[in-house]
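From first to last, the protein sequence lines are chains A and B. One rule links them: number in the numbering used here = place in the first sequence (from 1) + 1283. One rule links them: number in the numbering used here = place in the second sequence (from 1) + 750.
Please note that a few of the clues may not be correct.
With a straight-line cut-off of 20 Å between C-alpha atoms, the simulated EDC-like cross-links for lysine to aspartate or glutamate are [what the hints assert, rightly or not]:
hint	chain 1	residue 1	chain 2	residue 2
1	B	K790	B	E810
2	A	K1355	B	D1034
3	B	K960	A	E1353
4	B	K962	A	D1367
5	B	K881	B	D1020
Hints in this document: simulated from the structure, not taken from any laboratory.
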Amino acid sequence: MESYRVDVYNIVGGEYCIEADVGQKVFEIIEKALTENRKVIISFRNVTRITTAFLNTAVGQLLRDFEEDEIKSKVSYEDITDVDRMKIRRVNQTAKLYYENPERMKNTIEDILGE
Amino acid sequence: MSRFALLNIRPSFEGYQQLINLYEKNKGYHLGTLELSIHKWFSANLSSALGGILDKLKEELITVKFSQMPSKTEEIMMKNGFLYYYSYPKLKDYYHTTIPYLKLKPTDSRTFFNYIDKDLLNREELPDLSKAAKEKMVDSIYEVFSNAQIHSDTKNIYTCGQVFPRKHVIEFTITDTGMGFKERIRRSFGKRIRATDAIRWAFEDKNTTKQKISGGLGLAMLREFVILNKGKIQVVSDNGFYNFDSKGETVKEFYGSFPGTVVNVQFRTDDPNSYSLKRETDNDLY
């Protein structure tokens, strides 16, 4: 299977990956490549700062549209720090829970009211 | 003419209550003139919250004038640039203890990034803070900023900070004048809850008001860092006050409401923690 390299710095147009709507642009390219049955290498070369808000849209949404096993086998990361890997892990784990049951959020509000 | 006096304003419940009183007593005073005096002390980082309130009043064409303030306060608020917005000149900050007051559009991220890099991250006054702690601190600030961008629907975001070298502390404040936590929950889930419950809910890991996209990590991660750094977080949103520090979490309700949200974070600058993390492979990311 051919690989497609997603150069985040180039898509974002700079070293800061902060905003959710910029993450959406990255997501759309990853999604397109996966739909075309490509392996995807997401490169964060020259990126200096990444927020979870950016990652929620850029990669978290993949867990809504693709099976986890498919993502694991096709998506890899390059040039990323340990701290940012930790953020990706938390974003993915949050996304899994969220997309399994989007109604969960309503229940958490009931929980805080019921305390 | 309306006169209002702020007395000894610090980042505390009482300090924020006075700022809320300023707003509540003067809103609706269409086309009037407000003469504002400051007495004893005003914590410079709270220029962020004051800027937000005064702009809300100016939306009602209220003219704001400063009538009196302690010379030390005036000097600091000229150094951090806040009073420049009220026709005062700027003063050079030779001691580098101010982190400038910045008022920016929510879309103007680039200005904010440059400001954080130049005025916070690359300061020479943070020698005892490990590189990892600095990174975590800046990450936390970006998360708060992106929350204001995404959720509040605010016209402007106001930020300001202050360095206290002898106390080894940085205070940094981000204010928006959009909808608060309570209103976001009402719009997303149709639930009416108290502002204090809404803030506590937002700090729980994985809780988000975003529709169709997961989230809710930013504030949880900020709190985790503040625990390790032994710092402090305060949130003022509508009539809710939330304080989190080494003693735990406290909530209180104000008389009246802040027209938006203030997040004030205190970071310890003598934090040598290296915040090392185990190396994760791509497969560990799920």
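Status of each hint after checking the structure:
no.	hint	verdict
1	B:K790 / B:E810	violated, 29 Å
2	A:K1355 / B:D1034	holds, 9 Å
3	B:K960 / A:E1353	violated, 26 Å
4	B:K962 / A:D1367	violated, 23 Å
5	B:K881 / B:D1020	holds, 12 Å
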